[in-house]
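Starting from the known structure of chain A, fit chain B onto it as the hints suggest.
2 protein chains.
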Amino acid sequence: MNISVTGIGITKFGELWGVSPRSMAHEACEAALVDAGLDPSDIDCLIIANMLSGMLGAQEHLGAFFSEELDFFHIPSYKVEGACASGGLAVHTAINSLLGGEYTRVMVLGIEKMTDHKPELVSSALMGAGTNEERLSGLTFPGAYAILAKAHMERYKTTEEQLASVAVKNHYHASLNPKAQFHSLLTVEKVMHSACVADPLRLLDCSPISDGAAAVILQNTENGKRKTEVQIIASQVATDTLGVAQRKSLTTLKATEVAAQKAYRQAHILPKDIQVAEVHDCFTIAEILAMEDLGFFEKGKAAPALVRGETTLGSKQLVVNTSGGLKGCGHPVGATGVKQIVEITQQLRGSAGKRQVNGARIGLTHNVGGSGGTCVVHILKGI
Amino acid sequence: MNISVTGIGITKFGELWGVSPRSMAHEACEAALVDAGLDPSDIDCLIIANMLSGMLGAQEHLGAFFSEELDFFHIPSYKVEGACASGGLAVHTAINSLLGGEYTRVMVLGIEKMTDHKPELVSSALMGAGTNEERLSGLTFPGAYAILAKAHMERYKTTEEQLASVAVKNHYHASLNPKAQFHSLLTVEKVMHSACVADPLRLLDCSPISDGAAAVILQNTENGKRKTEVQIIASQVATDTLGVAQRKSLTTLKATEVAAQKAYRQAHILPKDIQVAEVHDCFTIAEILAMEDLGFFEKGKAAPALVRGETTLGSKQLVVNTSGGLKGCGHPVGATGVKQIVEITQQLRGSAGKRQVNGARIGLTHNVGGSGGTCVVHILKGI
Chain A
1 MNISVTGIGI TKFGELWGVS PRSMAHEACE AALVDAGLDP SDIDCLIIAN MLSGMLGAQE
61 HLGAFFSEEL DFFHIPSYKV EGACASGGLA VHTAINSLLG GEYTRVMVLG IEKMTDHKPE
121 LVSSALMGAG TNEERLSGLT FPGAYAILAK AHMERYKTTE EQLASVAVKN HYHASLNPKA
181 QFHSLLTVEK VMHSACVADP LRLLDCSPIS DGAAAVILQN TENGKRKTEV QIIASQVATD
241 TLGVAQRKSL TTLKATEVAA QKAYRQAHIL PKDIQVAEVH DCFTIAEILA MEDLGFFEKG
301 KAAPALVRGE TTLGSKQLVV NTSGGLKGCG HPVGATGVKQ IVEITQQLRG SAGKRQVNGA
361 RIGLTHNVGG SGGTCVVHIL KGI
Chain B
1 MNISVTGIGI TKFGELWGVS PRSMAHEACE AALVDAGLDP SDIDCLIIAN MLSGMLGAQE
61 HLGAFFSEEL DFFHIPSYKV EGACASGGLA VHTAINSLLG GEYTRVMVLG IEKMTDHKPE
121 LVSSALMGAG TNEERLSGLT FPGAYAILAK AHMERYKTTE EQLASVAVKN HYHASLNPKA
181 QFHSLLTVEK VMHSACVADP LRLLDCSPIS DGAAAVILQN TENGKRKTEV QIIASQVATD
241 TLGVAQRKSL TTLKATEVAA QKAYRQAHIL PKDIQVAEVH DCFTIAEILA MEDLGFFEKG
301 KAAPALVRGE TTLGSKQLVV NTSGGLKGCG HPVGATGVKQ IVEITQQLRG SAGKRQVNGA
361 RIGLTHNVGG SGGTCVVHIL KGI
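Which chain is which? The protein sequence lines are A and B, in order.
If you count the first sequence from 1, position 330 lands on 330 in UniProt numbering, and the numbers rise without skipping.
If you count the second sequence from 1, position 380 lands on 380 in UniProt numbering, and the numbers rise without skipping.
Take the hints with a grain of salt, since some may be wrong.
Treat identical chains as interchangeable: a pair holds within one or across any two.
Calculated pairs, SDA-like style, for lysine to any residue (alpha carbon to alpha carbon, straight line, at most 25 Å) [what the hints assert, rightly or not]:
1) 157 <-> 300
2) 381 <-> 100
3) 381 <-> 356
4) 254 <-> 40
5) 254 <-> 59
6) 248 <-> 116
7) 254 <-> 199
8) 118 <-> 132
9) 262 <-> 39
10) 248 <-> 147
11) 301 <-> 189
12) 118 <-> 133
13) 262 <-> 119
14) 262 <-> 73
15) 179 <-> 38
16) 299 <-> 69
17) 254 <-> 74
18) 262 <-> 41
19) 118 <-> 136
20) 248 <-> 310
None of these hints come from the bench; they were simulated from the model.
Next up, chain A with everything else stripped away, as it sits in the complex:
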């Protein structure tokens, strides 16, 4: 597989009340074109990642919507959706289109506008990623992940302090990322004293409601040219039951395991070969699950390692969520999976500024839909 990340662009993530989806799309996509040194006419397909535009904004048909807005006249364009994994899925779809030879350069735009709506409406719409049984029982995603957290705590003696440490690390990384939603540093005490949302998860264990857009331009470099660019060397998707109640295990996301194993085989690498990873920390427990299910740590060993700083900027082994993750950088649903590619590309280019992981050569992205119903793993290689 020879897929280059030719251009990247991203907006500030956060509560962007004064910014429309159109403006966000322009900012992210134009930044990606400038980064790649390309014009709109060089793009021959536009894939949109978005979850909530229909349910919250009454606007579907985003392919035509954004290809018109961005002056990509008449090119193929459509939306890919898989809840919070929409961004990763759109990148996967773009890669397949390039490998098939149908397109030369594909732009992926991940975008979500969430803060213009009442929070209860947003929470309700987000439960579109779960099952009807979950909705009828009043479950929301903090509740679903609280169930996973409780199971992990019982089986592996994981503590609330360890969960809080995920938030502390990711806010520290976010404080070094100008695009992140939060620049405030946290302490374990502050997280532990924040309001309880769904026991054991507290407010500061949860990723926020966010607006934002991220864009990447991908190119097939099978011909051997442009090997001076970051390459995507694996792209894998796996699914699992939509609801948590149907799973055999509550301490593993099977979709992560399956997608990761296939990705490692495709890239011919092992987990230990990776220096930097963006993982799907929608809640603090999700980062601990990811660290284990991705094979970075044995089950039960991720949380203690994280507390020891082994995944914090400065670690020589593996740094996780340098962008701040969903927790610190923000989680505009459709944008998240694309933002992960943007962040890892910056790391592998050596252009991540204050949050640069020295010597990063191979990076991984991990994007989850719902409570683990979908998982997308990409592996990227530096220049």
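Relative to chain A, chain B alone:
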């Protein structure tokens, strides 16, 4: 391009009040598996085409939803959306995935459940395919297509009787299709005396609100095997402005022209080489526009030809919408583009029963999103 249509399945289209989306998916997908002689474990990717499940049913994340429901354990699965063109787009995406070599057999499931909701809610949700300006001005899709009809009538002297003839032909074809929503025959007079919805379009000029599902299994046969199956020899997508007000012409859907020209080049054929076509007749005027924009007739010549019966079953040249089209067979939005592939495959296999076009060797499908913001064209070749 060597993509085989290995299996097809379809439910009855209509007002299926007693049938759930889960049941519809089972029926269509299991029929496709039986048709292909395959087990669920033979499918390595499931792509869902759907527009309204989030807006009407509060359920997104349909990839995980249906892959679990159908016992396709852990395989990649996601949703593709482009309004009423979602089905065609999902087939296009599946083909790209196969050409890229990532997957061997991909199932595409197009599905929509529309009749369980209040009609005004459905009309409102469907306007998610249009622009905000259209929504604010109170435009609905009958209104948008009425504007196109008025322009065509003014420029080419197209008459209401000619529009009505499209409905008469398609209801005749539908009467021969056991899966169609309508089995009632129409007359020009009956159409002309039905209630006016948006002048000049009357109730019987409009496709109905429908439930239904259709599934196809596609396979890459680059290796030369299985050449005994119907092949897809072109798959092209084009976009245009989302709203009608921004178009240069109101008598042509530019997206259809662009996609069709690219498809003919890809397949190395001319419009005259096609014997059977399924085109997007969401309103009677849409079939006339399609006949011209696809190059089957010069501008202004399609309607008189249709009235002369040149596209009706029995014509030696070109038969259009043997399934009954959206008008007669029904239009469950996400299912329509997939149903078109099912119908043309049956025609090219020679298994279309009473609606068989004798000697059909090459067929075309034409799937439109909104008022022409997206168009997908596929060309299929017989055994």
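Taking the hints in turn, this is what the structure says about them:
no.: 1; hint: 157 <-> 300; result: within (8 Å within a copy, 76 Å between copies)
no.: 2; hint: 381 <-> 100; result: both (21 Å within a copy, 20 Å between copies)
no.: 3; hint: 381 <-> 356; result: within (15 Å within a copy, 54 Å between copies)
no.: 4; hint: 254 <-> 40; result: between (40 Å within a copy, 19 Å between copies)
no.: 5; hint: 254 <-> 59; result: between (33 Å within a copy, 22 Å between copies)
no.: 6; hint: 248 <-> 116; result: neither (38 Å within a copy, 34 Å between copies)
no.: 7; hint: 254 <-> 199; result: within (23 Å within a copy, 55 Å between copies)
no.: 8; hint: 118 <-> 132; result: both (22 Å within a copy, 20 Å between copies)
no.: 9; hint: 262 <-> 39; result: between (35 Å within a copy, 22 Å between copies)
no.: 10; hint: 248 <-> 147; result: within (14 Å within a copy, 56 Å between copies)
no.: 11; hint: 301 <-> 189; result: within (22 Å within a copy, 77 Å between copies)
no.: 12; hint: 118 <-> 133; result: both (24 Å within a copy, 23 Å between copies)
no.: 13; hint: 262 <-> 119; result: neither (37 Å within a copy, 45 Å between copies)
no.: 14; hint: 262 <-> 73; result: between (37 Å within a copy, 15 Å between copies)
no.: 15; hint: 179 <-> 38; result: within (23 Å within a copy, 49 Å between copies)
no.: 16; hint: 299 <-> 69; result: neither (47 Å within a copy, 29 Å between copies)
no.: 17; hint: 254 <-> 74; result: between (40 Å within a copy, 8 Å between copies)
no.: 18; hint: 262 <-> 41; result: between (35 Å within a copy, 17 Å between copies)
no.: 19; hint: 118 <-> 136; result: both (20 Å within a copy, 21 Å between copies)
no.: 20; hint: 248 <-> 310; result: neither (30 Å within a copy, 60 Å between copies)
When each numbered hint is compared with the structure, violations occur for hints 6, 13, 16, 20.
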